[in-house]
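Peer 1: Read off the chains here:
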Amino acid sequence: MSANLHDVKNTIWMRSVVIGGGLLAIGALAYIVMAVVIGSSYHHIWDEAVVNYDQVITDGYHTGDAEYDEAKDAKTEAHLSYLTWTTAGKTILIMTGVYAAFYMLAGFFNSIQPEPGHDNYGDGHEEHHGSASPILMAMGLFFFMYGFSGFVNSCKAMLGLDVSADFTGFIISLVGVTILILGIGNWWREDLSGYQEQIAYGKPFGGQDIRKAGMWIFLMSEIMVFATFFSSYLRMRTGWCTEWAKSAGRCDTVDVTTASDLLRHDIGTLMPGTINTFALIISSYTIVLALKTAKDSDWEPSKNKLLKSLFPTRQLAVRNYLIITLMLGSLFIVLKLIEWSHLVAEGFDIGTQAGSIFYIATGAHGLHVFIGLVVMLFLIFKADTVGYSKENKNWMGIEYFGLYWHFVDLAWVAIFPAFYLY
Amino acid sequence: MGHEKIMGKDIYFWNFLVLILFTFVEVAAVFFGGSIDLKIVWTILIGVGIIKAYGIAAFFMHLKGDPVVYTMTALFPISFVVLMLWGIGLSNPDSILGLPAWCSPNWDYAYVTN
Chain A
32 MSANLHDVKN TIWMRSVVIG GGLLAIGALA YIVMAVVIGS SYHHIWDEAV VNYDQVITDG
92 YHTGDAEYDE AKDAKTEAHL SYLTWTTAGK TILIMTGVYA AFYMLAGFFN SIQPEPGHDN
152 YGDGHEEHHG SASPILMAMG LFFFMYGFSG FVNSCKAMLG LDVSADFTGF IISLVGVTIL
212 ILGIGNWWRE DLSGYQEQIA YGKPFGGQDI RKAGMWIFLM SEIMVFATFF SSYLRMRTGW
272 CTEWAKSAGR CDTVDVTTAS DLLRHDIGTL MPGTINTFAL IISSYTIVLA LKTAKDSDWE
332 PSKNKLLKSL FPTRQLAVRN YLIITLMLGS LFIVLKLIEW SHLVAEGFDI GTQAGSIFYI
392 ATGAHGLHVF IGLVVMLFLI FKADTVGYSK ENKNWMGIEY FGLYWHFVDL AWVAIFPAFY
452 LY
Chain B
500 MGHEKIMGKD IYFWNFLVLI LFTFVEVAAV FFGGSIDLKI VWTILIGVGI IKAYGIAAFF
560 MHLKGDPVVY TMTALFPISF VVLMLWGIGL SNPDSILGLP AWCSPNWDYA YVTN
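Going line by line, the protein sequences match chains A and B.
Position 196 of the first sequence, counted from 1, bears residue number 227 in the working numbering, the numbering being contiguous throughout.
Position 1 of the second sequence, counted from 1, bears residue number 500 in the working numbering, the numbering being contiguous throughout.
Honestly, the hints are just simulated from the structure, not real lab data.
Source: prediction; values computed, not measured.
Be careful, since some hints might not be right.
To be verified - In silico DSSO-like links for lysine-lysine, alpha-carbon gap of 30 angstroms or less:
id: 1; chain 1: A; residue 1: K187; chain 2: A; residue 2: K323
id: 2; chain 1: A; residue 1: K336; chain 2: A; residue 2: K326
id: 3; chain 1: A; residue 1: K421; chain 2: B; residue 2: K538
id: 4; chain 1: A; residue 1: K234; chain 2: B; residue 2: K563
As the list claims (entries may be wrong) - Here are some, though not all, of the chain B residues that point toward chain A, as calculated from beta-carbon distances under 8 angstroms:
id: 5; residue: S534
id: 6; residue: I539
id: 7; residue: I555
id: 8; residue: Y569
As the list claims (entries may be wrong) - Where chain A lies over chain B, by a calculated footprint (3+ residues, C-beta under 8 angstroms):
id: 9; stretch: 519–527
id: 10; stretch: 556–565
id: 11; stretch: 570–581
id: 12; stretch: 584–590
Glycine included, C-beta positions come from ideal geometry on N, C-alpha and C.
Hey, can you work out the whole structure from these sequences and the hints?
Peer 2: This is the structure in structure tokens:
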């Protein structure tokens with residue numbers, strides 16, 4: 032298992048189907064338990080709270096009366112509890128569905144690898160000749176985004192909303208997604224078969240691994256993306272009369288409620304963001320441990336029984352560290368969506384200035400986390416099949432992905448205080 | 500860098516502990532922010548943010564130990580970030596009047612006061 036792809040049997044394809052099925056089963060189970068069973072019981076409690084609230088109003092109580100406040104708090108709490116469980120169940124179902132699809136796709140592309148001894152490039156040697164994947168993926172993204180507005184409107188129309196469908200845009204977007212998937216698939220196929228690391232020449236990266244230099248330049252552009260969010264947020268924020276501005280004596284009447292006004296005063300509302308902060312930091316550490324283990328030729332299992340059962344061999348240790356990272360990243364997405372559902376329920380939606388910058392900035396960050404999770408699935412697949420090791424000289428994949436993942440953590444270091452606490 | 504040991508543990512472990520510790524400080528500063536001076540809260544948040552960013556970039560992203568060209572690459576956009584935060588972030592006419600002169604882009608806000 033620990034040589035190159037030519038040693039990987041096509042039974043791996045079936046293994047990936049089974050694991051994909053397992054992921055779907057986990058998602059379905061989570062949905063049934065959280066969204067259906069627990070969610071419906073909380074919906075029942077919520078219904079009762081609404082009836083009680085209406086009765087209190089009918090009895091003539093209003094704001095300021097203990098009965099009214101108590102009934103209103105009970106209604107809100109029941110609604111938020113219902114949202115917590117249903118959002119968690121639905122999010123886990125969708126995420127495991129995506130995970131299963133990508134894992135099975137990885138298995139499929141693995142199964143169509145050339146047989147041992149086959150010349151990959153038709154010219155008698157195995158040297159890497161560059162990849163078509165970047166241009167394919169860029170083309171796919173272009174078509175997807177070109178038709179995106181029509182795609183969204185068509186989806187809304189199909190859901191029965193009062194929007195006219197634009198099927199031309201819908202089809203262009205689907206073509207884009209297809210090209211994108213083909214590009215991703217081709218990239219996985221090439222990477223699984225063993226990538227010959229290319230060395231950059233010329234200044235300033237001469238002598239460095241070309242993919243590492245490319246990753247850092249990509250991260251440089253990502254810093255700019257997040258800088259636009261922060262600068263636009265700061266521009267709007269400094270003009271609002273918020274709780275903070277009022278307490279600093281800069282204005283008299285609060286005219287804008289920010290997400291942080293709704294989140295930071297109570298340990299319960301601050302908890303999802305706080306847990307997410309710790310989840311990302313821990314996941315940064317686990318990806319470092321995966322890389323460290325992959326690079327360590329002298330790795331030995333721990334003497335601790337629990338750790339030994341979790342990380343019995345080097346290959347399984349790398350895979351399991353990556354799985355832990357995936358689980359922590361998934362937790363981040365689930366908690367973020369639960370938090371969003373609560374904020375929307377409290378009236379803080381994307382229709383306001385404060386809402387739009389909050390959801391766009393934190394949503395862009397969440398999207399980065401999600402894309403990272405999908406790439407991590409491929410790393411897990413590779414760790415499970417080909418394996419990462421110093422001997423295979425393929426551990427760099429974890430290092431370069433780790434750079435991206437640490438950047439996502441780094442962005443959160445700024446987003447968390449700026450959008451959740453300030 | 501990863502081979503250096505402190506009390507039997509590698510630098511990644513200690514960096515992780517430091518990051519966790521400062522995250523507790525960060526959350527506590529905001530949660531108890533109502534009873535602390537606003538400037539102190541901000542000083543804590545910015546200080547903790549810088550320390551955490553350094554810990555992640557220097558140790559987890561291996562900038563400390565990698566060739567200096569990567570550090571330069573990471574720092575390259577910082578000048579643009581500063582420019583954007585200054586030129587866009589602090590350019591709100593309503594806010595700029597209350598800012599100290601040294602952080603004002605010095606644009607003409609006459610129409611605001613008029």
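Peer 1: Next, verify each hint and record whether it holds.
Peer 2: Here's how the hints hold up against the structure:
1. A/K187 to A/K323: 47 angstroms, violated
2. A/K336 to A/K326: Status holds; Cα separation ~23 angstroms.
3. A/K421 to B/K538: 49 angstroms, violated
4. A/K234 to B/K563: Given that 30 angstroms is the threshold and the Cα spacing comes to 21 angstroms, the pair holds.
5. S534: 12 angstroms, violated
6. I539: Cβ of B/I539 sits 13 angstroms from chain A, so the hint is violated.
7. I555: Where the cut-off is 8 angstroms and the nearest Cβ of chain A is about 5 angstroms from B/I555, the hint holds.
8. Y569: 5 angstroms, holds
9. 519–527: holds (count 4)
10. 556–565: That given contact holds, which follows from 4 residues of the stretch 556–565 of chain B lying within Cβ reach (below 8 angstroms) of chain A.
11. 570–581: holds (count 8)
12. 584–590: Coverage by chain A holds here, the residue count being 6 at a Cβ distance below 8 angstroms.
Violated hints, listed in ascending order, are 1, 3, 5 and 6; each of the other numbered hints is respected by the structure.
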